[in-house]
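Colleague: Sequence:
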Amino acid sequence: MAAELTAHELIAQHRPTLDRALEAIRTRAYWSPHPEHPKAYGENGSLDAAAGKAAFDALLGTRLDLGQPGTDGWVSGEVSPYGPELGVEYAHADVDVLLPAMKAGQKAWREAGAEIRAVVCLEILKRISDRTHEFAHAVMHTSGQAFMMAFQAGGPHAQDRGLEAVAYAYVEQVRTPDTAEWSKPQGKRDPLALTKQFTPVPRGIALMIGCNTFPTWNGYPGLFASLATGNAVLVKPHPRAVLPLALTVQVAREVLAGAGFDPNLVALAAERPGEGIAKTLATRPEIRIIDYTGSTSFGDWLEANARQAQVYTEKAGVNTVLIDSTANYKGMLSNLAFSLSLYSGQMCTTPQNLLVPRDGIRTDEGPKTFDEVAADLAGSVDGLLGDDARANALLGAIVNPDVKARLEAAAGLGEVALASREVTNPEFPDAVVRTPVIVKLDGAKPDDEAAYMSECFGPVSFAVAVDSSADAVELLRRTIREKGAMTVGAYTTDDEVERAVQEVCFDEAAQLSLNLTGGVYVNQTAAFSDFHGSGGNPAANAALTDGAFVANRFRVVEVRREA
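Numbering of the sequence shown is given in our numbering, commencing with residue 172 and proceeding in unit increments.
These aren't lab readings, by the way, just hints derived from the structure by calculation.
One should not assume that every hint holds.
Stated by the list, open to error - Straight-line C-alpha distance at most 25 angstroms; calculated DSS-like pairs for lysine-lysine:
no., residue 1, residue 2
1, Lys-539, Lys-274
2, Lys-539, Lys-450
3, Lys-224, Lys-278
4, Lys-224, Lys-210
5, Lys-539, Lys-501
6, Lys-355, Lys-367
What the hints assert, rightly or not - Ranges of calculated distance between the beta carbons of each label pair, as one might list FRET restraints:
no., residue 1, residue 2, range
7, Tyr-201, Arg-649, 51 to 59 angstroms
8, Arg-649, Arg-670, 37 to 45 angstroms
9, Asn-215, Gly-583, 25 to 33 angstroms
All C-beta atoms in this analysis are idealised placements derived from N, C-alpha and C, irrespective of residue type, glycine included.
Using the sequences and the hints, build the whole thing.
Modeller: Structure, rendered in structure tokens:
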């Protein structure tokens, strides 16, 4: 850091933002301190578009030395989904050296108290925000997101989620007073009197296991929730998406050092190709908290085997949209087309199954058969993505070969309502860009059920014919209960159907969006207002972000003295 920051300066700068965040999580109203538009940057120390791109370009082919202890080598290997090799080298850590060094700084960090920890975290977020353009390119070239999505989701929206976690962490820590005077009357005898002190103490070192698709958006809640509650944080990025989290660790270490704390409170654990260190780290006795986003199989493994740690997982589910009827048919189709196309369906919230009565639905344009709904949705997606420039801006690139393989295999599962096509990206000719596929399936056929009851991550959706809306409601219930869902959508003009869908979502703890036909989509959530996941169905055991997400990252230890 260029200059030291005193506790007084940090509080003066960031306490107003913290207070505003506390108000936002209380009211659930719209608020964000981080601008979404690229042109908002370039003043007050933030990088504008040209400077951010130049900063990213300057990183390529270099060694990013974070100054961590225990470095025993250097690793690299990131290749952008758009084609170029990044060529950035990261320190490989001897964790037997690194973990004790991380633990050493926790005492002073614990003693700093909840407010100082919160404002230090806010300073980290501010410095990340100032470099949003640089981070956007790092996210784009590790996740395959198109630039504007990488800018917004990887920048301000991720920063909002980090700040939200800090706000919840602060609330939970100050719920109990620092001290209390306790006096119990004893009749004619003198009262029993104690002075009591209450201190939030961290669980230990937290392990944040990053994901390939949303390294910052999915990573920041756990990172900042653990740091704000007094824990050191070891960041283990996905091997294909190291750079955004390495830059995050770099900023965090600079701020911690400048504020008088041990920079080793935040460290990076990059891995050699094929090393697979997540399992080894996750079961180390020093690791007491784990945050993970990714496949169901590894999330289940963590929950079963990392017994010494408090484990928070966001895994996967089969997201479902029930289509019973609509008063805005064109709006419904347009909204769904965008939801299916955004980032090539590579979001944990993208709809997969569209349940439609085989006899059709009621609309403001008259009755529509199942086949017409499927065909019209296909036409809406085609219209949205018909222009290649727009398609590239929405789709981004396929993040890895597994997604491409699932997309290609999906066409053989049933009758294709919309075939996927290749899109050329003139700026990045090596990028793999594909439009979504929509496949029609019969909900009554066992072979088809095997397809739609399995998660097919990527730009693949199934239009599933069911016997009635009542059958769709029951299939929705079974899907959430057995497979989980990060999101549920429903379109209906029938009050009884609406109530039935709501009851399913209450019973099975799934987040529901009803009759979205405008500019808000089922696969998007807003920090400070929307809960991402519920923690109540198999898709995730935690919600981003609520009190439960932060409260078990620390314990309150009491010291009693006679008054």
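Colleague: Hint by hint, say whether it matches the structure.
Modeller: Here is what the structure says about each hint:
In summary, the hint linking Lys-539 to Lys-274 is not supported, as the alpha carbons are separated by about 63 angstroms, beyond the 25 angstroms threshold. Distance hint between Lys-539 and Lys-450 is unfulfilled; the C-alpha atoms sit about 51 angstroms from each other, more than 25 angstroms. For the suggested pair Lys-224 and Lys-278, the alpha carbons sit about 39 angstroms apart, so the restraint of at most 25 angstroms is broken. A C-alpha spacing of about 14 angstroms is found between Lys-224 and Lys-210, which places the hinted pair at or below 25 angstroms, so the restraint holds.
A threshold of 25 angstroms between alpha carbons decides the hint, and for Lys-539 with Lys-501 the separation of about 12 angstroms falls inside it, so the pair holds. Under the criterion of a C-alpha separation no larger than 25 angstroms, the hint pairing Lys-355 with Lys-367 is consistent with the structure, at around 13 angstroms. A hinted range of 51 to 59 angstroms for the beta carbons of Tyr-201 and Arg-649 is inconsistent with their spacing of about 35 angstroms. Checked against the given bound of 37 to 45 angstroms, the beta carbons of Arg-649 and Arg-670, roughly 19 angstroms apart, lie outside it.
For the pair Asn-215 and Gly-583, the supplied restraint of 25 to 33 angstroms is violated, since their beta-carbon distance comes to about 55 angstroms.
In terms of the numbered hints stated before, the structure departs from hints 1, 2, 3, 7, 8 and 9, listed from lowest to highest.
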